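Chains A and B, in that order, give the protein sequences. Going by the numbering used here, the first sequence opens with residue 168, and the numbers climb by one from there. Going by the numbering used here, the second sequence opens with residue 168, and the numbers climb by one from there.
Hints are computed from structural coordinates only; laboratory data are not their basis. Hints may contain errors.
As the list claims (entries may be wrong) - Listed below are several chain A residues computed to face chain B (Cβ distance under 8 angstroms; list not exhaustive):
(1) Pro190
(2) Ala201
(3) Gln204
(4) Leu216
(5) Asp221
(6) His260
(7) Thr264
(8) Gly297
(9) Thr311
(10) Asn430
Note that the coordinates shown come from a computational prediction; the quantities given were computed from them, not determined experimentally. Note that beta-carbon positions come from the ideal geometry of N, C-alpha and C, so glycine has one too.
There are 2 protein chains.
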Amino acid sequence: MKLTELGEFGLIDLIAKREPKLPSTIIGIGDDAAVIQIQKSKGKSQNYLLITTDAFIENVHFKLKGTSFFALGRKVMAANISDIAAMGGYPTHAVVTVGLPKKLSVKQVRQLYNGIDTLAQKNKIDIVGGDTVASPREVVISITLLGEVEKDRLLTRSGARPGDLILVTGDFGGPASDKFKIQKAKLKIRIKEARNIAKSRGATSMIDSSDGLMRSVLELCKASKTGARIYEDLAPIAKGASLEQALYGGEEYELVFTAPKTNLPKLKKLAKVSVVGEMVPHKFGVMLVDSYGRIKPPKSGGYEHFK
Amino acid sequence: MKLTELGEFGLIDLIAKREPKLPSTIIGIGDDAAVIQIQKSKGKSQNYLLITTDAFIENVHFKLKGTSFFALGRKVMAANISDIAAMGGYPTHAVVTVGLPKKLSVKQVRQLYNGIDTLAQKNKIDIVGGDTVASPREVVISITLLGEVEKDRLLTRSGARPGDLILVTGDFGGPASDKFKIQKAKLKIRIKEARNIAKSRGATSMIDSSDGLMRSVLELCKASKTGARIYEDLAPIAKGASLEQALYGGEEYELVFTAPKTNLPKLKKLAKVSVVGEMVPHKFGVMLVDSYGRIKPPKSGGYEHFK
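For reference, chain A alone in the conformation it holds in the complex (with noise of 0.2 angstroms):
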């Protein structure tokens, strides 16, 4: 079998397969950050760490024409802090890998750095290791992100229950509408609204869209148990961007959430939200509902590296 009919959700099924044995293990591999428990609860306001790691790769990621290593380094440091947000966390320290081939400049090197750092400073985040290599071709860059976040405020993908609003922050398919492309000035990471609906202990599930809204949708069901019916004339739509980019595009960091009804009045005054279906028992499936009435399966649904 070659990678190409295995596809990077089976991979990553596959590492999963083994389950964690540490009793520090709360959560490993299936949400967008893992979550550890460094020692014994001796107090009441402990913390959990999350940890969580994405690497960009040039020519599958992005392509280098036309491409700013100044947000290129921002990209990457933004996809690994909305992981962290997406758990209802914050950020607090990273490692950086670059493979960084021959033809590169010590300048374009720094700009690649202050795209990072620009972000790591904005969120507080101390750089504290990484590792330089040489890349015979591609530029590679892969971030690894710790962070924290308060026991009681832990947002997973699996809190979802069948009758849930299913809420976005932001709109969708702006990226994919002009793919490759790392724009500069879109970059928005939902930290403040995550970290505010956290707080409100509104929320039952919550994840990153940055594999697309429906693979969004897709994985809170799965992680849930749940089905899910999504309204595409509720989806909201980036300027510029079509329907089938807005549902399967990815590459933005929206948070994709889940919360009763009762608590839309309340969540609506913590971040600005859009809901865009609802949780149904898992017998129904996860189903696009049109502008007609009529219901309709998913495509595969979001970006997969190895299709």
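Use these hints to put chain B onto chain A, whose structure you have.
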């Protein structure tokens, strides 16, 4: 300025320029692993969190031809475990990022993970996340490893003093005498020895030897602001390797550490160690002493990826 003029160590220095700002960052860039204080101290036996990361790229760190994927996975994990060990700590959680070209088969990827996982299981490490991405041409493997160390057992690079002996575990030059082959047989990680040395509190500084024996000594001297005398006659040379390869080869995961002379009997009981030299005041520099007692400077020392 091109990257080749700067070198890897120059690049790391470039990143390390900004001082960490979080009070929780005990040690940032510049040691085998970073040291983090996760929570305010509440008891006596609190631990520090350790984090380290190591990346391997095809045609830089290894060639596919003649490489077992199982052995490759083990090797990348070993490099990370060795860094945690060199701080006196023990590993706990890992995230694994792989960039995989389409040319690979699922079987090869499975073998790679099995290699990583075998060493993870042996050392009670939970793999709690990662990122699987396509790579246009080269195989890329990047692991970030977390660990813990009891506060009073932390061993850094910066505690050596003039007069301290310089000690090593194992022998040197083996991997260098058989370049680009990831060997299955000779993979030792000195975690037990490192833990014993740390527990004894008999050492003043420690580093692992992954960039070569002389590079390790240079890094200890740089961090501790000392000089050193390394006696060529005392260097433990692996079978089939030259003195040159033993001093500069790298890719082995031995420990290089320092201790006051009075602690030597105690340390010899804890681990099989050899004395290779001694620390001297900074102004005397880092020098090799040959079998005729002649003093000479080392070569630039260690493997730098951009040179």
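Legend entry - Hint check against the structure, violated hint numbers in rising order: Those not satisfied are hints 1, 3 and 10.
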